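A.B. asks: Work the whole structure out from these sequences, hints included.
As numbered in full-length UniProt numbering, residues 1 to 205 make up the sequence shown, in order.
Treat the hints with care, as some may be off.
What the hints assert, rightly or not - Here are the simulated DSS-like pairs of lysine-lysine, each with C-alpha atoms no more than 27 Å apart in a straight line:
1) 154 with 40
2) 47 with 100
3) 40 with 78
4) 47 with 75
5) 107 with 154
6) 107 with 47
7) 40 with 75
8) 107 with 40
9) 107 with 78
10) 75 with 154
Claimed, not checked - Simulated restraints, written as ranges between beta carbons of each label pair:
11) 132 with 18: 36 to 46 Å
12) 99 with 155: 40 to 50 Å
13) 190 with 102: 51 to 61 Å
14) 62 with 134: 27 to 37 Å
15) 40 with 130: 13 to 23 Å
16) 134 with 182: 48 to 58 Å
To be clear, the hints were calculated from the coordinates, so they are not data collected in a lab. In this text the structure is predicted, and so the values were computed from the model without any measurement. Using N, Cα and C, we set each Cβ at its ideal position, and we do this for glycine too.
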Amino acid sequence: MQQQLEILMTGHAWQQQAMLTRLGGIVQRRLQLQQQQSDKTAFTVIKQGGMFSRRPHYTLPPEASASTLTLLLQKPLKLHDMEVLHITFDRSALELWLTKGGEIRGKLNGIGFAQTLNMEVDNAQHLVVRDISLQGTRLALPEAAEDSMPAEIKQQLEALENDWRQQHTRFSEQQHCLFIHSDWPGRIEASLQDVGEQIRQAQQC
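C.D. replies: Spelled out as structure tokens, the structure:
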């Protein structure tokens, strides 16, 4: 009975669990949209046909015309003991690597000496860089990689936050009228604050 009461008070009476379920759905949808967006914004190289070449070779797209190219990691990786957000390449070195393979180097976060990289071209002709555990991420041109929150997700999170505020206000108004043990209001408040914190974290991601 006590356990059922706790589940009711801290999970359902002020829609705590329902709001968390909604939040889970919004986060899932955002991940789906991000994946679609990452496919669109990833830096794509051009495959060159070679009838007698065993190994495919590639060229840079026309928009990559500068002598040095800065490409953003769509997801930060730890490379050479550094948290890396972008890599700067010498254009001629990148062209040579795309044509002949071998070693490729780039400046991590654009600083220091060029470091060796574990990089490949995937099946969709995107550049993928990998860390020591072989976890990979695609590279993107800076202007293409601005990762703003989709309007659809922003609106859904704002609506959810408004609902949370209403539930929190309702609880604040009702708690003095509830015939419950004195420690219950604190536990209910904590459950609502936990939901609110998870919503705020999702808005900041």
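A.B. asks: Hint by hint, say whether it matches the structure.
C.D. replies: Hints, verified against the model:
1. For the given pair, residue 154 sits about 21 Å from residue 40 by alpha-carbon distance, which is consistent with the 27 Å threshold.
2. A hinted pair counts as satisfied when its Cα atoms are at most 27 Å apart, and residue 47 with residue 100 qualifies at roughly 13 Å.
3. Taken as a hint, the residue 40 and residue 78 pair is honoured in the structure, with Cα atoms around 24 Å apart against an allowance of 27 Å.
4. The hinted pair formed by residue 47 and residue 75 meets the criterion: a straight-line CA distance of about 25 Å does not exceed 27 Å.
5. Under the criterion of a C-alpha separation no larger than 27 Å, the hint pairing residue 107 with residue 154 is inconsistent with the structure, at around 35 Å.
6. For the hint pairing residue 107 with residue 47, the CA-to-CA distance comes to about 25 Å; that is within 27 Å, so the pair holds.
7. Only pairs whose Cα atoms come within 27 Å are accepted, and residue 40 paired with residue 75 is accepted, the gap being roughly 15 Å.
8. Between residue 107 and residue 40 the CA atoms are separated by roughly 25 Å; this keeps the pair inside 27 Å, and the hint holds.
9. At most 27 Å may separate the alpha-carbon atoms for a hinted pair to count; residue 107 and residue 78 meet this at roughly 13 Å.
10. Distance restraint check for residue 75 and residue 154: the Cα-Cα separation of roughly 21 Å lies within the 27 Å cut-off, and the hinted pair is therefore satisfied.
11. Range check, residue 132 to residue 18: about 42 Å between beta-carbon atoms, so the 36 to 46 Å window is met.
12. About 47 Å separates the C-beta atoms of residue 99 and residue 155, a value consistent with the hinted range of 40 to 50 Å.
13. Between residue 190 and residue 102 the C-beta distance comes to about 58 Å, which sits within the given range of 51 to 61 Å.
14. Between residue 62 and residue 134 the Cβ separation comes to about 32 Å, which falls inside the hinted range of 27 to 37 Å.
15. At about 22 Å, the beta-carbon gap between residue 40 and residue 130 stays in the expected band of 13 to 23 Å.
16. At roughly 55 Å, the beta-carbon separation of residue 134 and residue 182 lies within the given 48 to 58 Å, and the hint holds.
In the structure shown, a violation is registered for the earlier hint numbered 5 alone.
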